[in-house]
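**Q** Here are the chains, one letter per residue:
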Amino acid sequence: MVSIKNSLLALLCERPHYGYELRQEFESRTGSTWPLNIGQVYTTLDRLQRDRLVEASAGDAEGRKVWNITPTGRDVVAGWLARPITRPAPSRDELAMKLAIAASLDGVNLSAIIQTQREATARTLQDLTRTKAAGGDPAAPHELAWLLVVDSMIFQAEAEIRWLDHSEQRLSNAAVRQRATSWGPRAHGEAGAAQPTATIPRMGER
Amino acid sequence: MSDQQLLRLDGVSMHYGVGATAVVALAGIDLTVDRGELVAIMGASGSGKSTLLTIAGGLTKPTGGEVIVDGRWLSELDPRQLAALRRRTLGFVFQDFNLVPALTALENVSLPLELDGWKSSRARRAARDALAVVDLADRASHYPDDLSGGQQQRVAIARAVVGGRSLILADEPTGALDSTTGELVLRMLRHRVDAGAGGILVTHDPRHAAWADRIVFLRDGRIVGSSESETVDALARP
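Chains R and D, in that order, are what the protein sequence lines are.
Count along the first sequence from 1, then add 1; that gives the number in this note's numbering.
Count along the second sequence from 1, then add 598; that gives the number in this note's numbering.
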């Protein structure tokens, strides 16, 4: 993975490392959020060596190599830090897809779908927050890197809940409009159950 | 009602107006808060979350149902008893801090105790302890204007728990604070609850609600769901 390649290279900018040290450093600085197996580290280092971004010293008595970054490798790290991350085309988000399809089906209770998801995502958010609360002093340097990673997941979960709130509002507005433009008297149903044909525009392009 | 239960709402309803123009703010709310438990109430504007908080705090009388705070049925209390219960058991934390500008941080915290008849020296000692708990011992003699927003809100939290007040009712307590300061205030609130208080946190912010043990979702005055973190005990209470 490009992100692991760049992360390991960035660690080598600080000082030369053994392979197993790189793994430890990577995990401790990212809060052990993305466990690496040692095989992955060596495969990555071999590729970096092939591309002349790192050099390996001759092995020590125990055959362990020390890895050094090359000037080209430093340029790659500088570029990585300077450029924004551009994500690939929107992934096929199953939740967005499910809601888009559900909104087009007759007799589906969209409110219930949204609420079920809201509770599940809120639980994830609570668990992440618990993890954060149980951590050490937020100002300590080793906590800081870990907190950045946990926060990133917290904000992603929060974004999902906000999007669900927004979708619920949009569906509810669409239902009101539909009632207002339809002919004849209409029974007042529950907001969530009365809008089976409400559509969500261009959900996939989110 | 168990000793652990600090608050119970039984079928609480709140209607404004009558007949065709009646507005239902709350409809049959059942909710409990135990000691050591922080419950977040979430919902869109107009979902009834602030009404729920003022009813739980005895500031508004519900049109239906019962509110039981620390074993006392609010409907059975006269206004004097209700005021005493509010002073001794309940602590409010608001978005805009609600500190008295002419009083120092220490005086703001000791005020409810002195109003309750505590001797001034004893009230101030308790206030000093409460300020130490929120890491503001060195700001005791500062006036609110000389404190940052986060510090003012921590004074408000100290005031909410001083003298053994056990039920904290917080209405958007982080609304006026930046993101990291808001988190610090929530950590403080969380600690107070872990130390044995109970709390309700009204918020529209999912990230802040996530500091609670339980999130209750309100919609059009009804509870439509809740989410509970299963790892609460293991992680939040060392």
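By construction, these hints were calculated from the structure, which means they are not laboratory data.
All residues carry an ideal CB built from backbone N, CA and C; glycine is no exception.
Among the clues, some could well be false.
As the list claims (entries may be wrong) - One side of the interface only, derived from the structure: several residues of chain D facing chain R at Cβ under 7 angstroms: (1) Thr658; (2) Arg686; (3) Ser746; (4) Gly748; (5) Pro804; (6) Ala808; (7) Trp809; (8) Arg820; (9) Ile821; (10) Val822.
Said to hold, decoys possible - Beta-carbon label-pair distances, calculated as ranges: (11) R/Glu144 to D/Lys659: 44 to 52 angstroms; (12) D/Asp818 to R/Tyr43: 57 to 65 angstroms; (13) D/Asp608 to R/Gly40: 57 to 65 angstroms; (14) D/Asp736 to R/Glu144: 19 to 27 angstroms; (15) R/Asp138 to D/Gly669: 36 to 44 angstroms; (16) D/Ser718 to R/Val177: 56 to 64 angstroms; (17) D/Gly715 to R/Pro36: 58 to 66 angstroms; (18) R/Asp138 to D/Val698: 56 to 64 angstroms; (19) R/Asp152 to D/Ala681: 55 to 63 angstroms; (20) D/Ala620 to R/Ala113: 24 to 32 angstroms; (21) D/Asp608 to R/Ala113: 23 to 31 angstroms.
**Q** Is 44 to 52 angstroms right for how far apart the beta carbons of R/Glu144 and D/Lys659 are?
**A** Check passed, 47 angstroms falls within 44 to 52 angstroms.
**Q** With a cut-off of 7 angstroms on the beta carbons, see whether D/Arg820 makes it to chain R.
**A** violated (11 angstroms)
**Q** Hold the hint about D/Pro804 up to the distance rule: shortest CB distance to chain R must be less than 7 angstroms.
**A** holds (4 angstroms)
**Q** Does the beta carbon distance between R/Asp138 and D/Gly669 stay inside 36 to 44 angstroms, or does it fall outside?
**A** holds (38 angstroms)
**Q** So the hint says 56 to 64 angstroms: do the beta-carbon atoms of D/Ser718 and R/Val177 match that?
**A** holds (58 angstroms)
**Q** Given a hinted range of 58 to 66 angstroms, is it respected by the beta-carbon distance of D/Gly715 and R/Pro36?
**A** holds (59 angstroms)
**Q** Does the nearest C-beta of chain R fall within a distance shorter than 7 angstroms of the C-beta of D/Trp809?
**A** With Cβ-Cβ at 6 angstroms, under 7 angstroms, it holds.
**Q** Range first: 57 to 65 angstroms. Now tell me if the beta carbons of D/Asp608 and R/Gly40 are that far apart.
**A** holds (60 angstroms)
**Q** Hint validation: D/Val822 versus chain R, beta carbon distance must be below 7 angstroms. Holds or violated?
**A** holds (6 angstroms)
**Q** Measuring from beta carbon to beta carbon, are D/Ala620 and R/Ala113 in 24 to 32 angstroms?
**A** Roughly 27 angstroms apart at Cβ, these two residues keep to the hinted range, so it holds.
**Q** Is the gap between the beta carbons of R/Asp138 and D/Val698 within 56 to 64 angstroms?
**A** violated (33 angstroms)
**Q** Would you settle whether the hint for D/Ile821 is holds or violated, based on the nearest Cβ-Cβ distance to chain R being less than 7 angstroms?
**A** violated (11 angstroms)
Checked against the numbered hints given earlier, this structure breaks hints 1, 2, 3, 4, 8, 9, 18, 19; the rest are met.
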